[in-house]
Amino acid sequence: MMKSISDFNGKERFYINKTGLELFDVIRAYGLGITISGIRYEEPEVTIKDAGYAYMLEIEGKPPKEPDEELFAGDKIKWRQIFRTFKVRKDAKKKHPREDLEEIISQNFEKILEIHKRSDFIPEIGKRVKEGRTLYQTLDVSAAKGFREEKRGTTYHEGSQLQVDKYTWAIAVLGAVHFVSWRESADFMTILIPNPLDVYLLEHREIYNELKKEGICRISATTTLAHYSIKLAIQIAKRGKAPLVKYDSVIFNVMQKTGQQPKPCGGGKYRLDFLEKLTESPQGLEALEKLNRLFPLSRQVKGIRQDVALATAEFLIRPSFENFRRWKSLYIRGHINENLPLWDKSLLGEIIKNVEAI
Amino acid sequence: MSKLYELFSNTAVESFGKALRTALTKNEDYASLIELDYAEKEEDFAIAIKKFLRRLGKEGYKPNERDLDEIMKLAQEYGVKLVCAAVISHALAYPHKGE
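Order-wise, the sequence lines are chains L and Y.
When you line the first sequence up against this note's numbering, it's residues 1 to 358, in that order.
When you line the second sequence up against this note's numbering, it's residues 1 to 99, in that order.
Since the hints were made in silico from the structure, they are not lab data.
Hints may contain errors.
[To be verified] Straight line, CA to CA, 27 Å or less: simulated DSSO-like cross-link-like pairs of lysine-lysine:
#1 L/K277 to Y/K41
#2 Y/K3 to L/K353
#3 Y/K73 to L/K353
#4 L/K62 to L/K76
#5 L/K290 to Y/K3
#6 Y/K58 to L/K353
Quick caveat, the model's predicted, so the values are computed rather than measured.
Working from the sequences, and respecting the hints, build out all of it.
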């Protein structure tokens with residue numbers, strides 16, 4: 001009997017081919033994972049691996065025949081955030097996307113799993129896709145109208161929506177609802193999600209739930225990203241030398257709040273190498289805990305403490321010599337003016353070891 | 001290992017860092033901090049070190065002559081910016097018992 005291409009060592013394999021839209025790709029991977037394992041029973045066990053061109057999901061056990069209903073429940077605020085750009089109109093003929101999603105998953109569950117068993121399945125994305133759904137900017141800012149099309153001249157036009165096939169759209173939304181960390185401040189929104197290099201989904205959910213309880217500094221999008229990444233690195237380090245999760249970066253998207261709909265502000269991938277190096281030694285981990293405390297949770301913090309938080313974030317994102325110089329200069333002023341605590345020499349040494357000095 | 005860490009581990013740098021910390025906490029000598037922070041050329045560095053040592057006065061910790069020779073050599077070898085950053089970094093570390 002011919003063996004199925006998706007059958008590897010008794011494990012069934014599913015594929016999420018990458019499109020280049022980083023956030024969209026990663027939420028599809030997590031979305032497909034949670035669609036298979038469900039929320040209530042957490043079975044079968046799912047592992048997600050980043051293979052460069054695609055995310056591979058390995059399933060231990062048999063995939064379910066129908067979706068877990070709890071996939072469509074959960075945090076109301078989160079659903080509202082994901083569908084933030086969707087406007088409810090009284091005369092609308094369209095269903096609310098949440099109902100639409102439930103219908104797509106419930107009616108096409110087996111089909112969704114089937115197409116993702118194929119290693120050549122690429123989502124259909126374009127201006128017009130048959131039975132397509134809108135790719136919201138909350139699923140990837142690169143999909144936002146303002147980002148894709150130039151607006152020149154005096155004639156105003158709204159720009160066109162980007163659509164994606166309904167199966168891909170549905171799993172992406174599920175991934176966003178169940179795994180994206182959404183942090184808002186008075187004027188921006190940051191979407192954060194760790195990139196799964198080799199991740200056991202159950203463990204990842206635990207980490208996600210732990211991080212959800214934690215406060216994150218929201219002085220700027222940079223401090224949000226750096227503070228979130230520190231907390232993530234600490235969570236992984238707590239799990240010992242052989243954690244069941246391995247991330248290589250944090251994927252982030254930023255949107256600017258306006259009086260109307262939020263506008264795309266940027267995005268990218270922040271590599272976790274520097275933070276990982278720090279967690280390799282006990283002193284490094286302690287230094288990371290200390291850096292963690294430099295990020296104030298209150299938005300009211302001004303002056304040198306705010307400057308130190310911003311400089312710390314810049315330094316962690318790019319641990320260059322210039323950023324280190326700026327950080328230490330501000331820190332020493334913070335110590336003089338605001339009594340910021342001094343460092344233990346060995347902890348400071350651990351940070352300095354990893355500064356990219358010329 | 002970064003060059004900055006090599007300098008941070010150097011005893012002469014540590015000695016100057018310790019003196020700077022004392023100068024900041026006991027004598028409120030912020031001028032030396034600024035001069036060291038902004039020194040880019042060897043001449044600026046030599047002047048900053050000269051002024052710093054003069055401001056240290058008779059009390060408190062002072063680097064010795066060997067430390068001075070060593071730090072000037074390091075500035076030539078590694079560059080002023082790196083040496084100053086390593087010295088100021090030591091001022092960020094709290095003193096151990098007996099210091």
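Hints and how they fare:
Note on L/K277 and Y/K41: the hinted pairing is violated, with a Cα-Cα distance of about 33 Å set against a maximum of 27 Å. Proposed proximity of Y/K3 and L/K353 is supported: the alpha carbons are some 8 Å apart, at most 27 Å. Pair hint Y/K73 plus L/K353 holds up; C-alpha atoms about 22 Å apart against a cutoff of 27 Å. In summary, the hint linking L/K62 to L/K76 is not supported, as the alpha carbons are separated by about 31 Å, beyond the 27 Å threshold.
The suggested pairing of L/K290 with Y/K3 holds, with an alpha-carbon distance near 24 Å, which does not exceed 27 Å. For the suggested pair Y/K58 and L/K353, the alpha carbons sit about 34 Å apart, so the restraint of at most 27 Å is broken.
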